[in-house]
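Enquirer: Construct all of the structure, not just a fragment, from the sequences and the given hints.
If you count the sequence shown from 1, position 76 lands on 76 in this note's numbering, and the numbers rise without skipping.
Because the hints were derived from the structure by calculation, they are not lab data. Please note: incorrect hints may appear among the correct ones.
For each label pair, taking beta carbons as the anchor points, the in silico distance ranges come out as [what the hints assert, rightly or not]: (1) Glu186 to His89: 44 to 52 Å; (2) His89 to His265: 27 to 35 Å; (3) Ala166 to Gly20: 17 to 25 Å.
On a predicted model such as this, the values are computed, not experimentally measured, just so you know. The C-beta atom is built at its ideal place from N, Cα and C for all residues, glycine as well.
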Amino acid sequence: MPATPSPAVPSLPSFRGRIGRDPRSGHYAAPRRYRLHLSLSCPHCLGIAITHSLLGLDDVLPVTLLPAVPDEPGGGHTALRPLYEASSHRHPGPATAPVLSDDWTGRIVSTHTPDILRDLARRFGPADRCRPVLYPCGQDEEIDAVRRLCEHGINDAAQTAGQADAAPEARTAALGSLLRALGSLEWRLATGPYLLGDAITAADVELWVALVQLDTVHRRHLDASAVQRIAAHPRLWAHARRLAAHPAFGPHLDLDGIARRHDAHCRGPEAAGAALCVLDWSAPARDGVTAEAV
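Expert: Structure follows, in structure tokens:
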């Protein structure tokens, strides 16, 4: 079965700090003050790494990469433990990634992916016509709708559809939800090259990460018929392949790390879909496809 989330630890401290506009806000975007801690096998971290690269923040916001497979119970990383302890004395839960930390204080600013993504796009780096506008004015609600659709309609539904010990009717219903979500996104791509028009936005990042997870993790627990129905969305998978050729997307894709992370904590049986790959994620790099093709 797909990886089962660890039981939630009650009353965990919430790290939801935000980056403000200027020094009066406390956490303001001074160059190299903050640091991202990411494990590229984690879908949340993968989306943040892509956003960081799209915005060209290498010289402004350093990134520390963590191992693909967490080395603490509950999906935590030993390397993050000092940050968690400094931010929450005797922190009761796992020291998980992603983390946005403040090097000036040695504490965590945020572990909340949607907030981190918005702050990267709106607070870091100078305005530059060459940088994509990942959160166009007036489109926040649409981007949030795509994020929810990817989270629940793709990730959660695919996990339930492939859960070996779930009731057959629950698996059937979940597969239906998954296919409806994919169909909705396929329809969006019929009117333009990207989900929200003619340029990459945060919605495309959310979708790409969800499709990576669907094809590299969830597919392994689905039957062959389900995988064939998932693959029958040509615009979606063509979109995924084009973005895999983009220098901000493909280089962050750690297929081996994703597989090792999944294998480390999944004990469910594989299904026939494991033998059917929807997309060859390494093909763009192998075939020499460049960003100009995107």
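Enquirer: Could you see if the CB distance from His89 to His265 stays within 27 to 35 Å?
Expert: With a Cβ separation near 28 Å, His89 and His265 satisfy 27 to 35 Å, so the hint holds.
Enquirer: Is the gap between the beta carbons of Glu186 and His89 within 44 to 52 Å?
Expert: holds (49 Å)
Enquirer: State, for the Cβ atoms of Ala166 and Gly20, whether the hinted interval 17 to 25 Å holds or is violated.
Expert: violated (45 Å)
Checked against the numbered hints listed earlier, the structure breaks hint 3 alone; every other hint is satisfied.
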